[in-house]
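Asks: Residue-level listing of the chains:
There are 2 protein chains.
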Amino acid sequence: MIKLNAGIIVIGNEILSGRTKDTNSNFIANKLIKNGIKLEKITVIPDNEKIIIDTVRDFHKYYKYVFTTGGIGPTHDDITSESISKAFKKKYSYHPQAYKILKDYYPKNEFNKGRKKMAKMPEGSELIINPLTIAPGYIIKNVYVLPGVPMIMKKMFNLLLKNLDKGKPKKTLTIRTNIYESVMALELSRIQKKNKKCAIGSYPYFNYLKRKGGVNIVISSWELENLNNIRDQIKKMIKLLGGKSFLVYK
Amino acid sequence: MIKLNAGIIVIGNEILSGRTKDTNSNFIANKLIKNGIKLEKITVIPDNEKIIIDTVRDFHKYYKYVFTTGGIGPTHDDITSESISKAFKKKYSYHPQAYKILKDYYPKNEFNKGRKKMAKMPEGSELIINPLTIAPGYIIKNVYVLPGVPMIMKKMFNLLLKNLDKGKPKKTLTIRTNIYESVMALELSRIQKKNKKCAIGSYPYFNYLKRKGGVNIVISSWELENLNNIRDQIKKMIKLLGGKSFLVYK
Chain A
1 MIKLNAGIIV IGNEILSGRT KDTNSNFIAN KLIKNGIKLE KITVIPDNEK IIIDTVRDFH
61 KYYKYVFTTG GIGPTHDDIT SESISKAFKK KYSYHPQAYK ILKDYYPKNE FNKGRKKMAK
121 MPEGSELIIN PLTIAPGYII KNVYVLPGVP MIMKKMFNLL LKNLDKGKPK KTLTIRTNIY
181 ESVMALELSR IQKKNKKCAI GSYPYFNYLK RKGGVNIVIS SWELENLNNI RDQIKKMIKL
241 LGGKSFLVYK
Chain B
1 MIKLNAGIIV IGNEILSGRT KDTNSNFIAN KLIKNGIKLE KITVIPDNEK IIIDTVRDFH
61 KYYKYVFTTG GIGPTHDDIT SESISKAFKK KYSYHPQAYK ILKDYYPKNE FNKGRKKMAK
121 MPEGSELIIN PLTIAPGYII KNVYVLPGVP MIMKKMFNLL LKNLDKGKPK KTLTIRTNIY
181 ESVMALELSR IQKKNKKCAI GSYPYFNYLK RKGGVNIVIS SWELENLNNI RDQIKKMIKL
241 LGGKSFLVYK
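Protein sequences, first through last, are from chains A and B.
If you count the first sequence from 1, position 86 lands on 86 in this note's numbering, and the numbers rise without skipping.
If you count the second sequence from 1, position 142 lands on 142 in this note's numbering, and the numbers rise without skipping.
Do not take every clue at face value.
Which copy is meant is left open, so a pair is good if it fits within one copy or across any two.
What the hints assert, rightly or not - Pairs of lysine-lysine residues, derived as DSSO-like cross-links and limited to a Cα-Cα distance of at most 30 Å, are as follows:
id, residue 1, residue 2
1, 61, 210
2, 86, 38
3, 170, 141
4, 171, 116
5, 89, 61
6, 61, 86
7, 166, 113
8, 103, 193
9, 244, 61
10, 61, 162
11, 196, 3
Read the hints as simulated data drawn from the structure, not as lab findings.
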């Protein structure tokens, strides 16, 4: 069985400077888990050729699917495509179909150098169609190269998702309780030890205004057919500790 | 001159599953740039001992400051502190001061194993005080270990920030224009080539409802005393291309 895992490389100075919030990786993360693909790493790196090359080579080795966002526009600071060409020792050149799509879209005297640049990519790439603003993304080896603008990225991701190998979605279930994490830690750890085929995560919440808090306990598993048995053990624990539990399905 | 750079390691399955949006790294990014510290990488990894060890060792070598968020609570899935102890071959043991803070805080018969666990960290760590929920973070070598809950993390980051070496804040200035990126790409690239001491970033925006878009051009520099000269060159270019420009100071 091929391991269905993935990594995301977010390329952009604007994320590292704090100017822009990366919302793309959360979007992709949610899509992947629902399609049985395990996201194992997200990395945010600057628009720097050497760093892009090293990171792409690294991710290419470790993950079945690699998604990059950012740096494929028409301006001088868009260096993702040239860098990925170098990472895979491919010629950085016009993709005939991409060139045609862009040429047909722009009025003849407005198909300038910047716009032509958006047709340049590693030789041998397969296009990812952009239904919104024309300029395509592409696939080279196991790397899916997407733009950074969230609205466009999301449309394109939904299109490429259709062609990915998919696994069984990860089963997941959340129990929200008003008991504090530190009160239940020991008991929860015992339940985890008895149920090794699932992961039990514990995420405290606190409403400072209401001065009330508690924990979201997340049970998740790639293997189990249902989580009812573990859910019941946790509900029982909460009851014994004098708390309330609320189920939040996801 | 020591290079004032930094890396962030976000530790948590809940980010990779898409359940939780990481807002901590954007907060830290904004603080760092204003204090003259260059953020060079953000990585999101799972609660996995080997991956935490490898990533911490790696970041420890490359960055002056490393910040980790997540995985230092009382439950079984909080494995950050034990993993970082192993990364640096330090004993994972009770920090006397942290133990005392927690012991004094909880009623005697409620200072249970989970709560004691929050006093365990790599031997030789220096505490980062938690003014909100008591359980401290800590510093070991150049690694600043913080909790994942944003409200708590932010309070603690503001405290530790006081003790970091600081540089000159990065000068930055945004010009918003109604001209499309692909129209100005060539001219903008010429301006960038003439001004190598600054970085010129170009970030398209598009309001789909209004069917209007344009670009935010961000000029930034660690070196230059002011950006007025470059600002004027860009405004001139926009005017020549028939567009409007609006300055957005940051």
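Asks: List in ascending order the numbers of the hints, as given earlier, that are violated by the structure.
Replies: 1, 4, 7, 9
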